[in-house]
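Peer 1: Sequence:
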Amino acid sequence: MKISVDSPSKTIDLALTLSCGQVFRWLQYGHSWVGTLGNTLIKIRQRKGYLEVQPSNPILRSTISDYLRLDDDLESIISELSGDTFFRQVAYEVRGLRILRQDPWECLISYICSRNSRISMIRRVLNNMCRRFGEKVTLGQYTNYTFPGPEEILNAKPSELIGCGLRYGRRQAEEIKNAAELVHKGILDFNVLKKIPYPEAKIELTSLCRGVGSKVADCVLLFSLEKLEAFPIDVWVARAMVNLYHDYLDKRLVKRVRSNHRLSNADYERLSMFARDRFGRYAGYAQEYLYHWIRTKNC
Numbered sequence: 414m415k416i417s418v419d420s421p422s423k424t425i426d427l428a429l430t431l432s433c434g435q436v437f438r439w440l441q442y443g444h445s446w447v448g449t450l451g452n453t454l455i456k457i458r459q460r461k462g463y464l465e466v467q468p469s470n471p472i473l474r475s476t477i478s479d480y481l482r483l484d485d486d487l488e489s490i491i492s493e494l495s496g497d498t499f500f501r502q503v504a505y506e507v508r509g510l511r512i513l514r515q516d517p518w519e520c521l522i523s524y525i526c527s528r529n530s531r532i533s534m535i536r537r538v539l540n541n542m543c544r545r546f547g548e549k550v551t552l553g554q555y556t557n558y559t560f561p562g563p564e565e566i567l568n569a570k571p572s573e574l575i576g577c578g579l580r581y582g583r584r585q586a587e588e589i590k591n592a593a594e595l596v597h598k599g600i601l602d603f604n605v606l607k608k609i610p611y612p613e614a615k616i617e618l619t620s621l622c623r624g625v626g627s628k629v630a631d632c633v634l635l636f637s638l639e640k641l642e643a644f645p646i647d648v649w650v651a652r653a654m655v656n657l658y659h660d661y662l663d664k665r666l667v668k669r670v671r672s673n674h675r676l677s678n679a680d681y682e683r684l685s686m687f688a689r690d691r692f693g694r695y696a697g698y699a700q701e702y703l704y705h706w707i708r709t710k711n712c
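If you're matching positions, the sequence shown starts at 414 in my numbering and goes up one per residue.
In case anyone wonders, no lab produced these hints; they're calculated from the structure.
All of these numbers come straight from a predicted model, not from anything done at the bench.
Mixed in with the good hints, there may be bad ones.
[Stated by the list, open to error] Derived pair list, reagent style DSSO-like, types lysine-lysine, alpha-carbon separation capped at 30 Å:
1) K598 x K549
2) K628 x K664
3) K710 x K628
With the hints as constraints, model all of the structure from the sequences given.
Peer 2: Shown next, in the form of C-alpha cells:
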C-alpha cells in the first residue's frame, strides 16, 4: 500500500513523528517503523513522496492516514504558528513533525503509566502489559502484541499489573483498573469528550479518572481527543517556554522553572493559559515542536 505525502500540506517526517515522545510502542528497524494499530501489525517506510505500508491484516488506507493526521494541513498550521517570531526558528528546525490521532483508551492508559518516568521505562511497562494481556500479532519476521482492552484490564489482578513494572505499584494498578471500569460502564465516553469544548473535556477527565491530573489530561486530549489547543507541560516544555518567553512571564514563575522546581498546579495552569493565548487553536502543535526542539538543544 502506498500513501502519497508529496504535497506541502501532507508533508511528514515519519521518524520524528513516531519517536518524539507522544507515542511509545513504535520500534525502528533500519529505515522502517513497526507498530500496532488495533489488531493489525503495521510496517511503514518513508519513501520520496509517499509512505510504503505493509499490514498484517487488510486495513483501509484511510485508517493509516487518519492515525498520522494527514488531514491536517501542516503547511498552514506552521505558517499560522510562525506569526510568533520566537516560534519561527523552532518551526524551521523541527520540520515534518505531526501530532498523531491515537486510540483514546490506549492513550489514556499510556499516560497514566507515564508519570515521572522516562520514555524507555514507559515503553517497557506498556510492552509488558501488551505481552501479558494482549493478543500476539505477526508480520513476516516481526512479532508484537495488541493493546489490551478495558475488559482484559478489568479481569487482571492488581498483582499482574504491578508485575508489568508500574512505577507506583498498587496505586497505579488501581488507577488503571478504575479507568477500565469507567470506560467499560460507559461512564467515561470518549466520543462525548471529542464533541465537547476543551475546558469541559479536561474537567471531565480529571474529575472522573483517578491518577489523571492536568498534564495527563492535556496529553490525552491533544493526542487522542481532537483538542489541538491542549498544551501539556512537562519540565522540558516549561524550560522551552521560559527560554523563549521569559520577558512575558511572571518573574517568580521563571525563577522557579530555572531552579528546576516542580510546577505547582497554579503555575501549570498559568503557563498553559499563556501558551493557548499565544499560539491559539494549534497550541498543541507548538507544544510538540517546542518539546522536541528543547530536548535536541540540550542533548
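Peer 1: Now look at each hint and say whether the structure bears it out.
Peer 2: Cross-check of the supplied hints:
A threshold of 30 Å between alpha carbons decides the hint, and for K598 with K549 the separation of about 27 Å falls inside it, so the pair holds. The hinted pair formed by K628 and K664 meets the criterion: a straight-line CA distance of about 22 Å does not exceed 30 Å. For the proposed pair K710 and K628, the alpha carbon gap of about 23 Å is at most 30 Å, so the pair holds.
Of the hints listed earlier, there is not a single one the structure fails to meet.
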